[in-house]
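The residues making up each chain are set out below.
Number of protein chains: 2
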Amino acid sequence: MSKDLLSYVGESGVIRLMQRFFPDHAHYVKKGIGDDCAVLETGGKDLLLVTTDMLAEGVHYTTKTTPYEDIGWKALAVNLSDIAAMGGTPHTAFLSIGLKSSTPVSILESFMRGFREMACEAGVFLAGGDTISVTSHSVISVTLLGRCSPEGLVFRSGARVGDDIWVSGFLGNAAGGLEILLRNEHKEEEGRQMLISSHQRPAPRLKLGKALGESGLAHAMIDLSDGVAKDLRHICDESNVGAVLDRGSIPISEPLQALARDLSHDPIDWALNGGEDYELLFTTLPEDRKKIEELTVSVMGRTAARIGFVVKDKGVWLRAGSMRTQLTHRGYTHF
Amino acid sequence: MSKDLLSYVGESGVIRLMQRFFPDHAHYVKKGIGDDCAVLETGGKDLLLVTTDMLAEGVHYTTKTTPYEDIGWKALAVNLSDIAAMGGTPHTAFLSIGLKSSTPVSILESFMRGFREMACEAGVFLAGGDTISVTSHSVISVTLLGRCSPEGLVFRSGARVGDDIWVSGFLGNAAGGLEILLRNEHKEEEGRQMLISSHQRPAPRLKLGKALGESGLAHAMIDLSDGVAKDLRHICDESNVGAVLDRGSIPISEPLQALARDLSHDPIDWALNGGEDYELLFTTLPEDRKKIEELTVSVMGRTAARIGFVVKDKGVWLRAGSMRTQLTHRGYTHF
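First to last, the sequence lines map onto chains V and F. Start counting at 1 in the first sequence, then tack on 55, and there's your number in the working numbering. Start counting at 1 in the second sequence, then tack on 55, and there's your number in the working numbering.
Next up, chain V with everything else stripped away, as it sits in the complex (with noise of 0.2 Å):
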């Protein structure tokens, strides 16, 4: 692979190299690159945060897979996923969308319904975007702002040694469902359903986050977009830390389960390297323990799950009884 293509550098080297260009300071940004949000002080009494996902058909998304109204949902879903993992709470999103001008108006109205039925869900006003024409692939680009207080901020800087790892629900059901999805086997079987779901509509975590921030009880938390091998590396990276994954302790659905049986596939490999489940990963005091599966049964009707611990060595490790593995981030990456 040549050297001097974006395809060597990855993603992280490409987001490193645009960094490059800013590297000063600005007095008013107490987040930049690097968190699920930036994180901006505007003169009011709460901090302005601020998230973008560029989406792209036929990398991010396919008709094959999810139904144009999905993808609207989903457009949003995945901002949303952002504001949560800092705890904050959404409030207005810009929509800027490319599409072919020989586009059927019926996709973007079912694009649009999805869209506000999760706008709705969220409480988020469109409050304007750009709209293009495209020559090939549609291309989706959504800036959500939102607000926090600063005492409810939670970055993905501040995880300590010793703390919990938590994740607040099951893992790899999304990449159950587009492996169902992808294969062609849906079946009207309600597991199966459920797994195709977690896929095609995620629920963003927004009052488990907005909880968490407010009750100081996280220390570092993210989204789960990725995959958990990758995204919980970010906040090893930010917070200079490792952390060690109980295999025992991964959530994975019965459907999920199911699936992986007979398909003979081991469904840890999608609960630790799928992506798109957008359920929060959050780290906090071991003493918090009781307090946290009371906030989480209190929010969600059910108990997170405490999946490992943070370690001063740096890395990611997997230990099923007295073995550890070193997890290689296999999640998404782009480039």
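Since the hints were derived computationally from the structure, they do not count as laboratory data. Just to be clear, a hint being listed does not mean it is correct.
[Unchecked claim] Per the computed footprint, the stretches of chain F lying under chain V, defined by three or more beta-carbons under 8 Å from a beta-carbon of chain V, are:
#1 107–119
#2 156–170
#3 188–200
Note that CB positions come from ideal geometry on N, CA and C, so glycine has one too.
Assemble the complex: chain V is given as a structure, and chain F must be docked to it using the hints.
Positioned in the frame of chain V, the structure of chain F alone reads:
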């Protein structure tokens, strides 16, 4: 043309369709879809301005006519121009970019160099974004935040019957520059180089926009991205008025006139329909004429050009002697 395709409903139809899904007003949104920027109250003394533009390769830019460094400059400049048109001050940019993984690193570096140059000139900080790989044409989406005092804000909707109509500089230069590039008729000649530069490195009128906003003299303002014929219509639609332009007052530069002679083209066509000039168009009371001349001389070193006046009858006319021709907007339109 089939009625159920985006090409039939057109760009304005697409925007109306999207707007239809969010019919309600949000109390904190002082301006949503339908101006150069969205205007939000976020609790501080100043209002928050937000604008976003999506650019696609082959539609908005091509390396055949614009080097990557200038594409980077321009991607930010077009957003800065939107902030200028509200009377605001830009501060924070978010850059999302989709490139093929086979793209040379040097191309991204060139792009970022131009982007940073424009950012430094405007005092703008890059605080985030997204980087994705795409399978064909590249795509850029910039979201820019700015601030403005409630008193300094200028909307599209404030034009009043009898107002003077002004533009901040020459019209059609960017279109002339593009024409030279497309015909590959560069020539080492100062005038042509100036036209090319108008196309490749437009200079957003930030100081002038802010000064006009603070002066309280401008009733309505817009930046000229799609050509005066189309953009003036936005002012008229939002203000519920019409406009008459004086053909003889349209400021056409010497180099553009020379180019027009060489190519046997009517330069007024470039001036009215060319687009991408990124000059400001604004309306003011006739009794403030002298103040506007003084203000523009003090900010730009030369006076703005008074090109027409606001009338009650809907429509945009071009007047030459006793002849009035209604302008159909031929500026750039998507879909």
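Count the residues of the stretch 107–119 of chain F whose Cβ falls closer than 8 Å to any Cβ of chain V, and tell me whether that reaches three. Check passed, 8 qualifying residues.
Taking a Cβ-to-Cβ distance below 8 Å as contact, does the stretch 188–200 of chain F have at least three residues touching chain V? n = 9 at 8 Å, threshold three: holds.
Has the stretch 156–170 of chain F got at least three residues whose CB is nearer than 8 Å to a CB belonging to chain V? That given contact holds, which follows from 11 residues of the stretch 156–170 of chain F lying within Cβ reach (below 8 Å) of chain V.
This entry satisfies every hint, going by the numbered hints stated previously.
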